[in-house]
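**Q** This is what each chain is made of:
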Amino acid sequence: MIWNVRKGRAGRTKEVAWRASALLRPGSKALVLLIASAAMPAWAQNQAPAGMALIPAGVYRPLVRDATEPKEVPVKAFYLDRLPVTVGDYLQFVRANPRWQRSQVQRIFADESYLKDWSGDLEPGTNTATDAPVTYVSWFGAKDFARWKGKRLPSVAEWEHAASASSTRPDGENDPAFKHQVLQWYITPNSSLPGVGTRPANFWGVRDLHGLVWEWVLDFNSVMLTGDSRADSGGLERGLFCGAGSQSAKDAADYPAFMRFGFRTSLEANYCIHNLGFRCAKDL
Amino acid sequence: MRTKLLSLMGLACLYVSAMAAADNSTNVPRHSCCVEAAPPSSHLPGKSLYQLDARWTDDQGKAMPLASLKGRPQIVTMFFAHCQYACPLLVYKIKQVEAALPEEVRSNVCFTLVSFDSERDTPAALRTYRMQHELQGNWRLLHGGPDDVLNLAALLGVKFKQDAEGQFKHSNVITLLNAEGEIVYQEAGLNLATDELAHRIGQMVRH
Amino acid sequence: MISLTWIKAPWAVMFKRRGVITKESAAKKVKTNIVKIFGVVALTAGAHTLWGAQVASNFMDGTEIGGEENALLGKAPNVPPPITRKHPAKVIVNLEVKEITKRLADGVEYNFWTFGGDVPGSFIRIREGDLVEFHLNNNQNNKMPHNIDLHAVTGPGGGAAASFTAPGHSSQFSFTASTPGLYVYHCATAPVGMHVGNGMYGLILVEPKEGLPPVDHEYYVMQGEFYTGGKFGEPGLQSFDEDKAIDERPSYVVFNGAVGSLTGNNALTARVGDRIRLFLGNGGPNLSSSFHVIGTIFDTVYPEGGSAATRHVQTTAVPPGGAAIVEFTATVPGDYALVDHSLFRAFNKGAVGTITVSGPENKAVYSGKQSDNVYTGEPITNVPVVVSATPQNQVEVPNLALNLREQYARGRAVYSQTCFVCHQPSGLGVPGQIPPLAKSDVLMGDTAGVIRGVLQGRSGELTVNGKKYNGIMIPFGNLSDQQIADVLTFARNTWGNSDTNALTSAEVQAARKGAPATLATNPFE
Chain A
1 MIWNVRKGRA GRTKEVAWRA SALLRPGSKA LVLLIASAAM PAWAQNQAPA GMALIPAGVY
61 RPLVRDATEP KEVPVKAFYL DRLPVTVGDY LQFVRANPRW QRSQVQRIFA DESYLKDWSG
121 DLEPGTNTAT DAPVTYVSWF GAKDFARWKG KRLPSVAEWE HAASASSTRP DGENDPAFKH
181 QVLQWYITPN SSLPGVGTRP ANFWGVRDLH GLVWEWVLDF NSVMLTGDSR ADSGGLERGL
241 FCGAGSQSAK DAADYPAFMR FGFRTSLEAN YCIHNLGFRC AKDL
Chain P
1 MRTKLLSLMG LACLYVSAMA AADNSTNVPR HSCCVEAAPP SSHLPGKSLY QLDARWTDDQ
61 GKAMPLASLK GRPQIVTMFF AHCQYACPLL VYKIKQVEAA LPEEVRSNVC FTLVSFDSER
121 DTPAALRTYR MQHELQGNWR LLHGGPDDVL NLAALLGVKF KQDAEGQFKH SNVITLLNAE
181 GEIVYQEAGL NLATDELAHR IGQMVRH
Chain V
1 MISLTWIKAP WAVMFKRRGV ITKESAAKKV KTNIVKIFGV VALTAGAHTL WGAQVASNFM
61 DGTEIGGEEN ALLGKAPNVP PPITRKHPAK VIVNLEVKEI TKRLADGVEY NFWTFGGDVP
121 GSFIRIREGD LVEFHLNNNQ NNKMPHNIDL HAVTGPGGGA AASFTAPGHS SQFSFTASTP
181 GLYVYHCATA PVGMHVGNGM YGLILVEPKE GLPPVDHEYY VMQGEFYTGG KFGEPGLQSF
241 DEDKAIDERP SYVVFNGAVG SLTGNNALTA RVGDRIRLFL GNGGPNLSSS FHVIGTIFDT
301 VYPEGGSAAT RHVQTTAVPP GGAAIVEFTA TVPGDYALVD HSLFRAFNKG AVGTITVSGP
361 ENKAVYSGKQ SDNVYTGEPI TNVPVVVSAT PQNQVEVPNL ALNLREQYAR GRAVYSQTCF
421 VCHQPSGLGV PGQIPPLAKS DVLMGDTAGV IRGVLQGRSG ELTVNGKKYN GIMIPFGNLS
481 DQQIADVLTF ARNTWGNSDT NALTSAEVQA ARKGAPATLA TNPFE
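Protein chains in written order, with this note's numbering: chain A, 1 to 284; chain P, 1 to 207; chain V, 1 to 525.
The following block holds chain A by itself, in its conformation from the complex (with noise of 0.2 Å):
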């Protein structure tokens, strides 16, 4: 794996569980999932540093993939932050680290809309609430930050398990209301961002992933998609991709997912945008 997840004593303990759970029949995520989280030991939950939830070890079912990956991949236990990063936090450490201020930050790392509702380096400005989400953040930056902070992006595969639970269970997939609701946020434009966690948290106890603003994950370019759905249902564009070709989605009809998916692949590293902030993620 690119990155390596250290496994701590909880983080065996949720392995162990999960494995278990395979013996169980399709369909009992939910089950697997709370016995995982009783199964924990109490202190693993208490360990969560301050301003971070523990997301328990599961599965996620990528939505895009070829027939060569496997329909299911397990996620270790980490950290999430309960809430996006915010203005506020952004800006301790742009003060902190000057080659991430607006005035100076190189192009490679970050588009000409750096930072843009800004009024200046260390000002956010009136228009820019400090508990709002920080966007007009490159990937290079939150990156950085994520860094600056002792933790690091959370991986597509961690933010789509923590971000499928309902604010009721677990397994958000299964309920039709919630993912109406998701989709309902997608398709709603907004130009002015309200704070975080001014909605009901997920079963995790974690905000605002749905409804917010679109976040960075670390490997937001392992998606092998062109941007064109035709020819990537089609799986046209063999030229394009080194493997068996361009990834096609299992469930077209989540429609929720095939637009983050899409998002993801729109995007490049250095790309700041109005609807994308992100959070930090940390080993156990």
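FYI, nobody ran anything at the bench for these hints, they're computed from the structure.
Warning: the hint list may mix true and false statements.
No farther apart than 20 Å at their CA atoms in a straight line, the calculated lysine to aspartate or glutamate pairs in the DMTMM-like style are these [said to hold, decoys possible]: (1) P:Lys47 <-> A:Asp144; (2) A:Lys151 <-> A:Asp175; (3) V:Lys75 <-> V:Asp216; (4) P:Lys47 <-> P:Glu180; (5) V:Lys363 <-> V:Glu461; (6) A:Lys282 <-> P:Asp147; (7) V:Lys231 <-> V:Asp243; (8) A:Lys179 <-> V:Asp247; (9) V:Lys75 <-> V:Glu96; (10) V:Lys86 <-> V:Glu24; (11) V:Lys244 <-> A:Asp254; (12) A:Lys179 <-> V:Asp243; (13) V:Lys102 <-> V:Asp247; (14) V:Lys90 <-> V:Glu207; (15) A:Lys179 <-> V:Asp216; (16) A:Lys71 <-> A:Asp254; (17) V:Lys231 <-> V:Asp216; (18) A:Lys282 <-> A:Asp144; (19) A:Lys179 <-> V:Glu242; (20) P:Lys95 <-> P:Glu165; (21) P:Lys47 <-> A:Glu112; (22) V:Lys439 <-> V:Glu461; (23) A:Lys151 <-> P:Glu196; (24) V:Lys90 <-> V:Glu64; (25) P:Lys47 <-> A:Asp111; (26) P:Lys47 <-> A:Glu268; (27) V:Lys36 <-> V:Glu24; (28) V:Lys209 <-> V:Asp274; (29) V:Lys467 <-> V:Asp481; (30) V:Lys244 <-> A:Asp175; (31) A:Lys149 <-> P:Glu119; (32) V:Lys90 <-> V:Glu68; (33) V:Lys209 <-> V:Glu68; (34) P:Lys62 <-> P:Glu104; (35) A:Lys151 <-> P:Asp58; (36) A:Lys71 <-> P:Glu165; (37) V:Lys90 <-> V:Glu128; (38) A:Lys71 <-> P:Asp163; (39) P:Lys95 <-> P:Asp148.
Please build the complex by placing chains P and V on the supplied structure of chain A, with the hints as guidance.
**A** Chains P and V alone, transformed into the frame defined by chain A:
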């Protein structure tokens, strides 16, 4: 007599200058390209990839900061040695481009292959790869850590993903960097036509 | 004479001949050669000029790209003016994607995704042979990446992969519009049906090099469906419903992105005698349109937006992802409705528009209502339903007096719906339980008693034609007075029965008033 002398002198002048010109071209020092690490410049343009503070090792085991590639246009692609499918075609294509370049252009560009596979494509493995594919002195094969590989791929706009068997799925991209390390041209896909790339390299070297 | 001695030596070397070279002969030779060289140069220059003129005339003939211009974009229902240049050009198109909430119907708002801020997207008008430099600009406030597939483009995805753009960014690609026609363009980002279902479609016209015949009005009309969580007309903010879209059950089918976009104050206009051209498109995403303008015939239709012309057409099919050009002349003033002739879409989902034609009347072509008179026609006789057609149940219509015939016919209907169940179509009943009506002494007996029996029902033993029957007849007070009068008339004139006396509803009414409400044991007695 005088006129004969004059014409002879004229012809002799022509001959000597022609020879001198020919002599000049053959006397261009043939760098085994990019071996000497150029001192990293304090000023790089904002879009130069050489600003990436990454540690690479070449197939001779020598440490190679990316900025040492500065000074000459680079043809860069990312690959891995165990690839059975597209990477051999990519390398073949670049070799064809190399062969299509006029001598004075070829000696002024470098070809850089960076491996996705931090684990298996060690400098020794890369050395073997070089020998198998008969890559000459102006080719550079680089090994880097997973984070550096991820950063470089992100800068180049290359998509990739490692699967459970240790193989890599990735987009097929050949990138042309100018002497300052800025991306000036990219080709995606496995079309083996070399004209466009050869033409652009020629343009860049001549300026 | 100019001294040419200084070049004598090389010339002499070049033109060395046998024999003596004298000064004079060498000079003459040089002059001749100069003349020859001049001649060659002159010829070359002349030929080049001629060739240049040929190139210029190619340019004027329209095979070479000449000039650069920004494309004018039309906002529906209007289109940019026809192209007048006689040669192809480089045309720069800038199209912006905007995700915007606005009116779908009165009191109803929808989250649209648009090309240019409107549904349908901006109308692009170019000429055959143009080299288009296309810029797709994704507004920074949008949430989604978008791209574009123009059906006028020959190339992978129609431009889709090349134009895939994140919010706050712009993509550029080029294509040559080598084939004339009217083409759809739409977003092709996954999920495509949703992007199109939210309004991301429009038309691009590639005018043929000879241009289109001139008309008085050109309009842009594009049909599309909207799949909303709420029903048609349900007020409030509506958004895309994926289940309805997959099931192809739209709540709205409209022209130009909203109910009423072409009606009332937004109606298209023309004058009598005007020649009108409609550029039609269908964005779908699912339904085909049967486009018709009520009250007119299309003089010319270019089906599918192609080059073949069909004449004298009433309704033309426009498939989703397809287009058509229709032309007609306004001959008579009035309001003409543009519809999708799948009528429930027109009248219940919004697929209706108007073109208002003003000007002088023409009674010969259409007179309007000329008179309104009284008219009665023959009375309508509902044909009753006959339950079974077996031979023994064939009912003969007796030769009844006229006034009884109607009652008979109505009574037969009542019998065949109600009484036959027990008394059988044959009128023979069931032995031991249900008495016959055929040649029944009871039925043909006391009328008042028979009426009471029908009204109140009966139970207990009954003797009919000397045989005993023990069963229950339920009350049929629910039948009207007339129905009871009619069915008894029928029964008393069928199966060999004959009764020429009229049995009226008044008698039934009187019996009903005097009859007790409970089930009598034997009202027939």
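**Q** Taking the hints in turn, state whether each one holds.
**A** Status of the hints after comparison with the structure:
| no. | hint | result |
| --- | --- | --- |
| 1 | P:Lys47 <-> A:Asp144 | holds (18 Å) |
| 2 | A:Lys151 <-> A:Asp175 | violated (32 Å) |
| 3 | V:Lys75 <-> V:Asp216 | holds (18 Å) |
| 4 | P:Lys47 <-> P:Glu180 | holds (9 Å) |
| 5 | V:Lys363 <-> V:Glu461 | violated (78 Å) |
| 6 | A:Lys282 <-> P:Asp147 | holds (16 Å) |
| 7 | V:Lys231 <-> V:Asp243 | holds (14 Å) |
| 8 | A:Lys179 <-> V:Asp247 | holds (18 Å) |
| 9 | V:Lys75 <-> V:Glu96 | holds (13 Å) |
| 10 | V:Lys86 <-> V:Glu24 | violated (61 Å) |
| 11 | V:Lys244 <-> A:Asp254 | holds (14 Å) |
| 12 | A:Lys179 <-> V:Asp243 | holds (12 Å) |
| 13 | V:Lys102 <-> V:Asp247 | violated (25 Å) |
| 14 | V:Lys90 <-> V:Glu207 | holds (15 Å) |
| 15 | A:Lys179 <-> V:Asp216 | violated (51 Å) |
| 16 | A:Lys71 <-> A:Asp254 | holds (16 Å) |
| 17 | V:Lys231 <-> V:Asp216 | violated (39 Å) |
| 18 | A:Lys282 <-> A:Asp144 | holds (14 Å) |
| 19 | A:Lys179 <-> V:Glu242 | holds (11 Å) |
| 20 | P:Lys95 <-> P:Glu165 | violated (29 Å) |
| 21 | P:Lys47 <-> A:Glu112 | holds (11 Å) |
| 22 | V:Lys439 <-> V:Glu461 | holds (19 Å) |
| 23 | A:Lys151 <-> P:Glu196 | violated (44 Å) |
| 24 | V:Lys90 <-> V:Glu64 | holds (10 Å) |
| 25 | P:Lys47 <-> A:Asp111 | holds (10 Å) |
| 26 | P:Lys47 <-> A:Glu268 | holds (14 Å) |
| 27 | V:Lys36 <-> V:Glu24 | holds (18 Å) |
| 28 | V:Lys209 <-> V:Asp274 | violated (25 Å) |
| 29 | V:Lys467 <-> V:Asp481 | violated (30 Å) |
| 30 | V:Lys244 <-> A:Asp175 | holds (18 Å) |
| 31 | A:Lys149 <-> P:Glu119 | violated (28 Å) |
| 32 | V:Lys90 <-> V:Glu68 | holds (5 Å) |
| 33 | V:Lys209 <-> V:Glu68 | holds (17 Å) |
| 34 | P:Lys62 <-> P:Glu104 | violated (27 Å) |
| 35 | A:Lys151 <-> P:Asp58 | violated (30 Å) |
| 36 | A:Lys71 <-> P:Glu165 | holds (15 Å) |
| 37 | V:Lys90 <-> V:Glu128 | holds (11 Å) |
| 38 | A:Lys71 <-> P:Asp163 | holds (12 Å) |
| 39 | P:Lys95 <-> P:Asp148 | violated (26 Å) |
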